[in-house]
Amino acid sequence: MMIRTGTEPDPEPIVDINTTPLVDVLLVLLVMLIITIPIQLHAVALEMPGRNAPQPSVPPAIVQLEVDAAGRFVWNGEPLADRQALEAKLREAAQQPDQPEVHVRAHPRAKYAPVAAALTSAQRLGLAKIGLVGSEQFAR
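In our numbering, the protein residues as written are 2 to 141.
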């Protein structure tokens, strides 16, 4: 314990604000706000087909588009020379009255760029039924 004599100067006042009570009050207000806000349910109205939905009279044509490990395209088992040849095939498929389903299968060692190029070309040329198949090989 230190005893002061009358000749020592007064200690400097502390100018920092004590924020502990402020933080306590804010935490209480935050908890009250969280408790009082009603839980909002985000719902999207979907009209799903019933069990007696009509089956399509003709199954859609399916085009198998594969991207091999070297980034080359294979259209229904037929190797294509380059991306222009792929776009010609996609343009031809997009102009059919009943567009085929395009199933894109990528080799596990294929780069992302040729797969993205195939998907981009198909979408840009107007194909609406595009799907990625064989993605279960990438799950580990």
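If you're looking for bench data, these hints aren't it; they were derived computationally from the structure. Keep in mind that the hints are not guaranteed to be accurate.
[What the hints assert, rightly or not] Straight-line alpha carbon distances no greater than 25 Å define the calculated DMTMM-like cross-link-like pairs of lysine to aspartate or glutamate that follow:
#, residue 1, residue 2
1, K130, D69
2, K130, E48
3, K112, D83
4, K130, E88
5, K130, E102
6, K112, E48
7, K130, D83
8, K130, D99
9, K112, E79
10, K112, E137
11, K112, D99
12, K130, E67
Hint-by-hint comparison with the structure:
{"no.": "1", "hint": "K130 / D69", "verdict": "21 Å, holds"}
{"no.": "2", "hint": "K130 / E48", "verdict": "20 Å, holds"}
{"no.": "3", "hint": "K112 / D83", "verdict": "15 Å, holds"}
{"no.": "4", "hint": "K130 / E88", "verdict": "16 Å, holds"}
{"no.": "5", "hint": "K130 / E102", "verdict": "5 Å, holds"}
{"no.": "6", "hint": "K112 / E48", "verdict": "38 Å, violated"}
{"no.": "7", "hint": "K130 / D83", "verdict": "22 Å, holds"}
{"no.": "8", "hint": "K130 / D99", "verdict": "11 Å, holds"}
{"no.": "9", "hint": "K112 / E79", "verdict": "20 Å, holds"}
{"no.": "10", "hint": "K112 / E137", "verdict": "17 Å, holds"}
{"no.": "11", "hint": "K112 / D99", "verdict": "31 Å, violated"}
{"no.": "12", "hint": "K130 / E67", "verdict": "16 Å, holds"}
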